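Trainee: In the order they appear, the protein sequences are chains Z and A. So the first sequence is numbered by our numbering: it starts at 35 and just counts up by one. So the second sequence is numbered by our numbering: it starts at 704 and just counts up by one.
Hints are supplied without guarantee of correctness; some may be wrong.
Unchecked claim - Lysine-lysine pairs mimicking DSS-like chemistry, simulated, CA-CA at most 27 angstroms apart: (1) A:Lys744 - Z:Lys95; (2) A:Lys758 - A:Lys744; (3) A:Lys717 - A:Lys767; (4) A:Lys717 - Z:Lys135.
Claimed, not checked - Computed spacing ranges between beta-carbons, pair by pair: (5) A:Glu766 - Z:Ser48: 45 to 53 angstroms; (6) A:Pro711 - Z:Thr39: 28 to 36 angstroms; (7) A:Glu766 - Z:Leu90: 28 to 36 angstroms; (8) Z:Gln76 - A:Glu766: 39 to 47 angstroms.
Unchecked claim - Simulated coverage check for chain A against chain Z, where a stretch passes if three residues somewhere in it have a Cβ under 8 angstroms from a Cβ of chain Z: (9) 734-745; (10) 807-820.
What the hints contain is simulated information worked out from the structure, not anything from laboratory work. Quantities reported herein were computed from a predicted structural model and do not represent experimental measurements. We put the CB at the ideal spot given by N, CA and C, even for glycine.
Single-letter residue listing:
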Amino acid sequence: AQSVTQPDIHITVSEGASLELRCNYSYGATPYLFWYVQSPGQGLQLLLKYFSGDTLVQGIKGFEAEFKRSQSSFNLRKPSVHWSDAAEYFCAVGATGTASKLTFGTGTRLQVTL
Amino acid sequence: GAVVSQHPSRVICKSGTSVKIECRSLDFQATTMFWYRQFPKQSLMLMATSNEGSKATYEQGVEKDKFLINHASLTLSTLTVTSAHPEDSSFYICSALPGQGSTDTQYFGPGTRLTVL
């Protein structure tokens with residue numbers, strides 16, 4: 035069975051600073067990987083996804099993530115954080131090579147200081 | 704595009720009553736919808752997969768008689784928490800899959816906060 039680990043429960047960064055949120059997965063084959071963002075009172079919004087091909091994936095709102103098979107990681111990055119990026123971020127892996135039946139990590143709460 | 708709504712957004716009920724939560728795909732048809740449960744400071748846990756016109760598939764440990772799921776149309780799935788108890792208090796989130804391809808992306812609703820007194 036697949037699993038996802040987000041080792042950082044809570045991260046605080048200053049506005050304008052760079053950001054990296056960590057995600058490690060456990061899966062036997064090539065995974066389908068996702069990053070979602072959840073703001074209070076809103077549903078999860080897809081930031082980006084990786085299915086195959088280029089291991090550096092560009093997403094919305096200036097986010098990117100890099101799939102590293104050797105490290106079983108799919109870390110999310112942003113070069114310059116905005117105050118509006120404060121939210122909960124979830125990494126997820128799709129089961130058995132499909133985008134359905136997602137397994138989510140426990141999430142990382144991002145706080146942005148001005 | 705690809706908007707999913709949930710109603711109600713927040714509900715408080717007495718122990719022993721039943722609560723129905725609706726999940727609608729507003730601008731697309733969804734043959735498959737999913738129901739998740741999220742506890743405070745924890746991840747989303749998949750409860751069941753709902754396919755239009757057929758019985759839902761429940762994850763291990765989820766009581767199908769307690770959490771009744773109906774997917775009567777391509778744009779609507781409902782979750783009914785029957786005889787709710789305080790331990791059922793949680794944040795329930797649905798998602799919808801616009802297609803049947805293996806690379807289709809789920810779109811999530813805003814969630815429903817259930818509080819059982």
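Trainee: Determine for every hint whether it applies to the structure shown.
Mentor: Cross-check of the supplied hints:
1. Proximity of A:Lys744 to Z:Lys95 is assessed by CA-CA distance (about 24 angstroms); at most 27 angstroms being required, the pair is judged to hold.
2. Straight-line distance between C-alpha atoms of A:Lys758 and A:Lys744 comes to about 31 angstroms, which puts the hinted pair past the 27 angstroms bound.
3. Among the hinted pairs, A:Lys717 with A:Lys767 is consistent with the structure: their alpha-carbon atoms are about 21 angstroms apart, no more than 27 angstroms.
4. Restraint check for A:Lys717 and Z:Lys135: not satisfied, since their Cα atoms lie roughly 32 angstroms apart, outside the 27 angstroms limit.
5. The beta-carbon spacing between A:Glu766 and Z:Ser48, approximately 46 angstroms, falls within the hinted interval of 45 to 53 angstroms.
6. Between A:Pro711 and Z:Thr39 the Cβ separation comes to about 34 angstroms, which falls inside the hinted range of 28 to 36 angstroms.
7. A:Glu766 and Z:Leu90 have their C-beta atoms about 43 angstroms apart, which leaves the hinted 28 to 36 angstroms range violated.
8. For the pair Z:Gln76 and A:Glu766, the beta carbons lie near 29 angstroms from each other, so the given range of 39 to 47 angstroms is not met.
9. Against chain Z, the region 734-745 of chain A contributes 4 residues with a C-beta closer than 8 angstroms to a partner C-beta. That satisfies the three-residue criterion, and the hint holds.
10. Counting residues of the region 807-820 of chain A whose CB lies closer than 8 angstroms to any CB of chain Z gives 8, so the stated coverage by that chain holds, three being the minimum.
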